[in-house]
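Asker: Please take these sequences and the hints and turn them into a complete structure.
Which chain is which? The protein sequence lines are A and B, in order. For the first sequence, our numbering begins at 1 and goes up steadily by one. For the second sequence, our numbering begins at 1001 and goes up steadily by one.
No wet-lab data here; the hints were simulated from the structure. Glycine included, C-beta positions come from ideal geometry on N, C-alpha and C. Keep in mind that the hints are not guaranteed to be accurate.
[To be verified] Footprint (simulated), chain A over chain B, 3 or more residues, beta carbon under 8 Å: (1) 1012-1026; (2) 1029-1035; (3) 1049-1057; (4) 1077-1084; (5) 1276-1285; (6) 1294-1303.
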Amino acid sequence: MQNTFKLFNKFYFSKYYRKNSMIIGLDVGGTHTDVVLLSGKGFIKRVKVPTDPSDLFNTVLTGITELLINIAPEKIEKIILSTTLTTNAVIQQNVNPVGVIVSSGPGINPEFFGTDEHYYIVKGAIDHRGRETQKINEREIEDVAEKLKKAGIEYVAVVGKFSVRNPSHEILIKRILSKHFKKIFMGHNVSGNLNFPRRISTAHLNAAVYSMHKEFFTAVKESLDKKGITAPIQVLKADGGTMSLDASIEFPAQTVLSGPAASIVGAIPHAEENKDTLVLDIGGTTTDIAILVNKTPILEPVGMRRGIYKSLIRSLKTYSKGIGGDSFVKVQDGNLVIGPERRGSAMAFGGSDPTPTDAIVYLGIMDSGDKELAGRGIAQIADQLNISRDNAANQILKTTCKIIVDQSMKMVERINKKPVYTVHEFMEGYKIKPERILLLGGPAKYFAHQIKEISGIETRAVPLSSVANAIGAALARTTCEVSLIADTEQGIATIHEEDYAEPISKSYTEDDAMETAYTILKEKALSLGASEDELEEVEVIEFQEFNIVRNFSPKGKIFRMKIQIKPGLAHGYEKMKFETTGLNN
Amino acid sequence: MLKAKNKTGLVFFPAFDWAIDPIHPEREERLLYTQDQVAEEGIFDIEGIIEFKPDIVTKDDIRRTHFCVPDEKTVTTESHLISAGGAVSIAKAVMEKKIETGFALVRPPGHHSMRITHGGRGFCHINMEAIMVEYIRSEYGIKRVAIVDTDCHHGDGTNNIFWHDPNVLFISMHQDGRTMYPGSGFPNELGGPNAIGTNLNIPLPPGTSAEGYLYLMENTVMPAIEDFKPDIIVNSAGQDNHYTDPLTNMNFSAQGYADLTTMLKPDIAVLEGGYSIEGALPYVNLGIILAMAGLDYSGVIEPDFNPEKLRQSQLITDKIKSTSEQINKSFQNREELREKAGKHGEIQQKTREIYYDTDNLYERQNEKIRVCRDCGGTLEINSKATPGQHILAIHIPHQACDECIEAGYDIFDKADTEKYDNIFLQDRPKDIYKIKEK
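Answerer: In structure tokens:
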């Protein structure tokens, strides 16, 4: 399905002109924040500062300030930030109350998708081809506006079923509301994908985190300006791509869960061309699994999902398993059980319960940590299993790695078993077959050997693996996608999420669709802060062409095309050197 | 958070790159708008609704059901194999209790394909439900199956395949054959001498609305199923009874289909026809899916739905009532009718002609059934297609008695290879298929 083709190779030259400037990548994590400084030649510097979840602004500022000691600020070309601001807001549910107005038409009762008491279902319906089947009642909208205003609501999301086929109802409702509220978010702008419940949750999230996100980034920008750092700020998205700070203010929801994406992009420089690579980010509590096909991460087909939260946010496909270096190890019914529980740090580092980290410390694979304390933890397990300590430590290490490998292979299998909708794809569809494993995260390199033994796949920890996330943020290119629908019976081509429409003739072709889609994609990418040379990484994600037939005669054609600038490395930074080392981990 | 009451599986195989010809009603985008509706409703995000990838059926899977002439490869395309595979993968998931109920939304359809298939009839080349049923009978030891065909056209292929099979209750509700392709499916068509009453054909007058369909469900279909006690219920879920269908003249609706599904509670549903791809299929399929999952479908109403306009006349109501009574009587008397139909061990013959509208060929069949009180009886079919081959096909049924098995092999061994292009034997008890060497 992924027919890659490159366009406009003339932009290639510019990568040679980057060597003297520097970029900053910053990734806020749960416990600490990593900041790196890179140039076109390679890695220069990194700092790690503790994350203060109650004051992310200070965390970010401290990180950048420490990094730039003895560095001239004017040398910085751009700053890419990956924060947990919106993620935390979603998890802690401390978002602004916002109004949500939906019009649905036939189908599942929209009451099921209700956000809170400020959720209103109104008349109006659009069908699957974008035809109006019921009109909006303007009086009804005015009444809802009154109620929302009385409740003190300032931001409203307006979402229609099939609004990505025809957004006119959303636009009309916005027009009626706009004089009453600070900002209105329309569902069709969040994504070109179909999925009404997710459109509701995504538009709601944008509205709910808008003011917090805007205040935060405006403050960051102002503070950096004061320090003489005037380089453009970009924000990392869940799809592993960047967007300009201004664009992020319009779509703050896209910054949710950018952390895992940062790590995956950080692995790309170490992946090989034309090979499928598993990327395993082994942390203390969890391991995040992702897949690169020819150096390009795989995306979620519809949008980001995490537990019961499902959205239309463009996102890399990751699977998170509750196992890591600090997972709690116990014996249950004579078997080792590792994770998903975490009870604190490893005993080797002062914790109270045995963990996989204790096994690698005990076995001498890892130098740091108190070997004797680790040994006590291993002894607990050894006694329960009635085996030697060496044997117990080895079993813990092997079992941990086996769980990680099994879960990775299951993810590959799930992707390979995903349903397809054409005979061609069924017969010839691409099957992922990992030939390399790249490990990220603190304990990664200690697991490499065992993971290789168990999987039979060449495995290595990436250099600087503990800051791969910040490096990934720094290296990410600007990404975006557009979805074009052309209907020659109705005589119109549209990219509704970009509010684009043009009249077309009966003789419209696939090439015309490509030309329009590419033009709009390019405009969108540039407005998000892409450089010209990133515009060549265009990929057709989906293309379908159908005849419209009525009473046994052809009446026109429908073209559907989805193209993207795929996630990957920004130009000029593909050939960086990372083997600077001594700094590893 | 929406949660399905019944764990429901879906296979979606719209075959967007396959069609009989560019303007044929059974064409590439037939399920496009259905897929759009299902995607927009977020169906696959509902807890307890699972999407499965279709399997692809093999030559051996087809050979349990069909005699493909000259062979399987010539009669089918990959799309047919995946479509049947979609039905099989749902059936497997049901049998392995991964799901409680499942719906294969696949194309092309298959219910007009008979036991012998020389090519395409009524857009069908091989019969998906029959292939699926034979698969689960062989692989999971299922004995009794009920198939309810709710397509607007008589499911003459499925009816033909199970005509002599007392262990399969086949019920077809369809527009009266005097007004509609394929022109068969009358109440007196009750099955062969060994299976009278396990084939029920219910013709409906043009203009029948939900009222009529649901009356028959309540008064004929459900009582028959209750009496028959099947291990599994299959629905051939054609959707061309819809009031907007361009090929038919009925007044059924999405709500009606969903109500019918709620009553029938099929373990496995397989999409058949339905050619109102914008006005009906998105709503009907959504209604069926929600009904299977046990979710509220009251909001699934076509934008132009007008119950007043669709109301059936008193004449239709009366006609349906009398048809219902007639069929119920035949079903209740089935043992008696079987006794009268022939003596154990006797051979009964029938000759007929079959037209393949899709591939434009004629088939002439002479069929001999061994009347048997212990099993479905060995069946011998002498078939000649023009243009096409002249073949002899011998079918030894599922759970066949020793006498019938012996009789089948006897015919096969004695058959003269000089007289036929091909001689085939289907031995269901042993699950083997033989082609006689020249």
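Asker: Find the hints from earlier in the document that the structure breaks and name them by number, from lowest to highest.
Answerer: none
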